[in-house]
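*Asks:* Sequences listed follow chains A and B, in order. One rule links them: number in my numbering = place in the first sequence (from 1) + 384. One rule links them: number in my numbering = place in the second sequence (from 1) + 384.
No false leads were mixed into what you were given.
The list treats identical chains as interchangeable, and a pair is accepted whether it falls inside one copy or across any two copies.
Simulated pairs of lysine-lysine, DSSO-like, Cα-Cα distance not exceeding 30 angstroms:
{"#": "1", "residue 1": "522", "residue 2": "400"}
{"#": "2", "residue 1": "522", "residue 2": "418"}
{"#": "3", "residue 1": "389", "residue 2": "400"}
{"#": "4", "residue 1": "389", "residue 2": "522"}
{"#": "5", "residue 1": "623", "residue 2": "599"}
Simulated from the structure, these hints should not be mistaken for laboratory data.
Here's the letter readout for the chains.
Number of protein chains: 2
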Amino acid sequence: MVTLKQVAERAGVSIKTVSRIVNGDAGVNARTRKSVERLLSELSYVPNHAARQMRGGVSPVVGLMTDAVATTPYSVDIVRGAQAALREAHQTLIIASSDGDPAREEELWGMFRAHRVSGVVYAAMYHRPHRIGQPVFKEPIVLANCFSPDDDRASIIPDDEDGGCRQARYLLERGHRRIALVTLIDGIEATRLRGQGIRRAFNEAGVAFDESLDKRGMIGPVGREEMVAYRVAHDLITKPQRPTAIICGNDQVAMQVYAAAASLGLSIPGDVSVMGFDDLRLISETLYPQLTTVALPYFDIGRRAVERLDLLASEEDAPLRRELIPCPLVERNSCRSIV
Amino acid sequence: MVTLKQVAERAGVSIKTVSRIVNGDAGVNARTRKSVERLLSELSYVPNHAARQMRGGVSPVVGLMTDAVATTPYSVDIVRGAQAALREAHQTLIIASSDGDPAREEELWGMFRAHRVSGVVYAAMYHRPHRIGQPVFKEPIVLANCFSPDDDRASIIPDDEDGGCRQARYLLERGHRRIALVTLIDGIEATRLRGQGIRRAFNEAGVAFDESLDKRGMIGPVGREEMVAYRVAHDLITKPQRPTAIICGNDQVAMQVYAAAASLGLSIPGDVSVMGFDDLRLISETLYPQLTTVALPYFDIGRRAVERLDLLASEEDAPLRRELIPCPLVERNSCRSIV
DNA sequence: GCAGAGAATGACAACGTTGTCAAATGAGTA
DNA sequence: TACTCATTTGACAACGTTGTCATTCTCTGC
Numbered sequence: 385m386v387t388l389k390q391v392a393e394r395a396g397v398s399i400k401t402v403s404r405i406v407n408g409d410a411g412v413n414a415r416t417r418k419s420v421e422r423l424l425s426e427l428s429y430v431p432n433h434a435a436r437q438m439r440g441g442v443s444p445v446v447g448l449m450t451d452a453v454a455t456t457p458y459s460v461d462i463v464r465g466a467q468a469a470l471r472e473a474h475q476t477l478i479i480a481s482s483d484g485d486p487a488r489e490e491e492l493w494g495m496f497r498a499h500r501v502s503g504v505v506y507a508a509m510y511h512r513p514h515r516i517g518q519p520v521f522k523e524p525i526v527l528a529n530c531f532s533p534d535d536d537r538a539s540i541i542p543d544d545e546d547g548g549c550r551q552a553r554y555l556l557e558r559g560h561r562r563i564a565l566v567t568l569i570d571g572i573e574a575t576r577l578r579g580q581g582i583r584r585a586f587n588e589a590g591v592a593f594d595e596s597l598d599k600r601g602m603i604g605p606v607g608r609e610e611m612v613a614y615r616v617a618h619d620l621i622t623k624p625q626r627p628t629a630i631i632c633g634n635d636q637v638a639m640q641v642y643a644a645a646a647s648l649g650l651s652i653p654g655d656v657s658v659m660g661f662d663d664l665r666l667i668s669e670t671l672y673p674q675l676t677t678v679a680l681p682y683f684d685i686g687r688r689a690v691e692r693l694d695l696l697a698s699e700e701d702a703p704l705r706r707e708l709i710p711c712p713l714v715e716r717n718s719c720r721s722i723v
Numbered sequence: 385m386v387t388l389k390q391v392a393e394r395a396g397v398s399i400k401t402v403s404r405i406v407n408g409d410a411g412v413n414a415r416t417r418k419s420v421e422r423l424l425s426e427l428s429y430v431p432n433h434a435a436r437q438m439r440g441g442v443s444p445v446v447g448l449m450t451d452a453v454a455t456t457p458y459s460v461d462i463v464r465g466a467q468a469a470l471r472e473a474h475q476t477l478i479i480a481s482s483d484g485d486p487a488r489e490e491e492l493w494g495m496f497r498a499h500r501v502s503g504v505v506y507a508a509m510y511h512r513p514h515r516i517g518q519p520v521f522k523e524p525i526v527l528a529n530c531f532s533p534d535d536d537r538a539s540i541i542p543d544d545e546d547g548g549c550r551q552a553r554y555l556l557e558r559g560h561r562r563i564a565l566v567t568l569i570d571g572i573e574a575t576r577l578r579g580q581g582i583r584r585a586f587n588e589a590g591v592a593f594d595e596s597l598d599k600r601g602m603i604g605p606v607g608r609e610e611m612v613a614y615r616v617a618h619d620l621i622t623k624p625q626r627p628t629a630i631i632c633g634n635d636q637v638a639m640q641v642y643a644a645a646a647s648l649g650l651s652i653p654g655d656v657s658v659m660g661f662d663d664l665r666l667i668s669e670t671l672y673p674q675l676t677t678v679a680l681p682y683f684d685i686g687r688r689a690v691e692r693l694d695l696l697a698s699e700e701d702a703p704l705r706r707e708l709i710p711c712p713l714v715e716r717n718s719c720r721s722i723v
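Construct the complete structure from the given sequences, taking the supplied hints into account.
*Replies:* Right, here's the structure in full:
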């Protein structure tokens, strides 16, 4: 690799002059600048990042730690969002996965410290509480898609409550009254908050929600859920008073609801409307008809987490601990209006 | 951050002695070692990576560049595989996405050089040719999920031909003869190679393949494909002589085939068997019945790419240019045996 | 021809680490 | 006690860069 010194020797000037030119500093003769610039590109000089960092202190590198107990593959959009934000700031991303192992996580904090990263984003693969036990790490930390149970850390999470509200409101506005729920497993934030939101929408519309239509479409512990949505949907649809719409815990659940409807010869949205959540495009765009659903804003969560890191670094951070990112409704063809 | 110097002063020894202890070098008095070690952990010293790198030359950091014209979200398993391999070697991953923009890609090569990475993995999001125009970058480069059209670079790709062969062989062994294809778009490696493999399986089984049953389930350019599998499957299934099995270009296609079958009141696998490709678990495990499919070995591709990087670095690399990773068949419930 | 100002350039130190080599210490032996 | 030899320790340079400050050069105006 070419160094400043080598370029300087070839150019017959001092190291410092070349350094000035590389960094676009003022106070260099135009002729000198031009000839050295040619030489730089000729030798394809690239500044040594390590040397710069050693001189300056912190490095323009951000660490991203994931737990990667992969549930939905789209949560990697958090990484893409983070990268997008970093790109604008000319920073770099170091990424590592703890695989949910605390010992490994400990190791990674050390690794981030060794790299003198300017901050760390901890990204969870599904919306959940997470406590970071790192008294030693002094740079800013932002939680993405998770939050501190003690509310002592900046955290960017999807607004599941609002998302649930949008699901229900959309259907209520289109005349649906008899609406069933096929939710995710109990005990996770998504289920709790979305359920709250749905009930709020009913309240605001002045419609009573029939609690007997609230069913679980998945059972079992996180990561080893068992899908029972097909059966549940089957039962719901064959009730004497069939619901006109079904709100699903996610798009996979919706997929099974589609299958149950098809097996009974019912059409979507003709006989029953279906509303998804997550916008797993692999599914929502492939279902026939395409699925109307509420999107999880993973990309925005990632981007916002990095922006927040900058705010924390500049000490201008607002006291806001949990920052909610809205979940937009994506309208496709699985819900109809009732006259 | 604590430095060797600070620890040395507190311990009343020289910097070099502390350095020796940090690195576990021999020739340090046991008593000194013990007391300094206590101090190290007390002050939670972490070696400065930049300083080490400057001293030593290359850094134990690998770069990963993706094109990220995201098609299937599972291709990020390449990243997870790479991380797994890196972890064993105590190396770190810098990740960046070019978004398919050549200018951006150029920028990223500079960034990787600035970080003095020991090698780079270029990962494509779908199996395709890719030419890297980097005469300047001297460290090893491995292509993952793509290959050089000039065959002048090490490259790790899925064995799509073998995968296609497995799809067909599995069905042929179970007595199927009238087998239809609903493929991906024309003009991509996956379609070409899998088609080849399928025909090879027919050949080996001594069965004639009916070319009139080879249909496209998607049309249009890469990244903006239009799904037509539903209609195509519908047509296939309503033929006077219905195929007993349908081999799909991927699991999304299979999903639409399921929907078409359901709309006609046909059961899977009772009336028609369905074979997927890719093992998009979001889909293959959620379909009812669960989908028998062939998995794309993204994780292994990523891991192998990093291993290959090491081989290239040690100059022991075999002349093998394109390395094929097998695509295993995942047996679930969508194919039956014909008596 | 010269002072003075301003522009252009360079010498040097420092960042934190490790390799090289020399110095100090201690143990064992004649 | 003096000597050898092994063990333990430390001084110093170097890696590539940039901030500080000093030096040199080039004008301008008298």
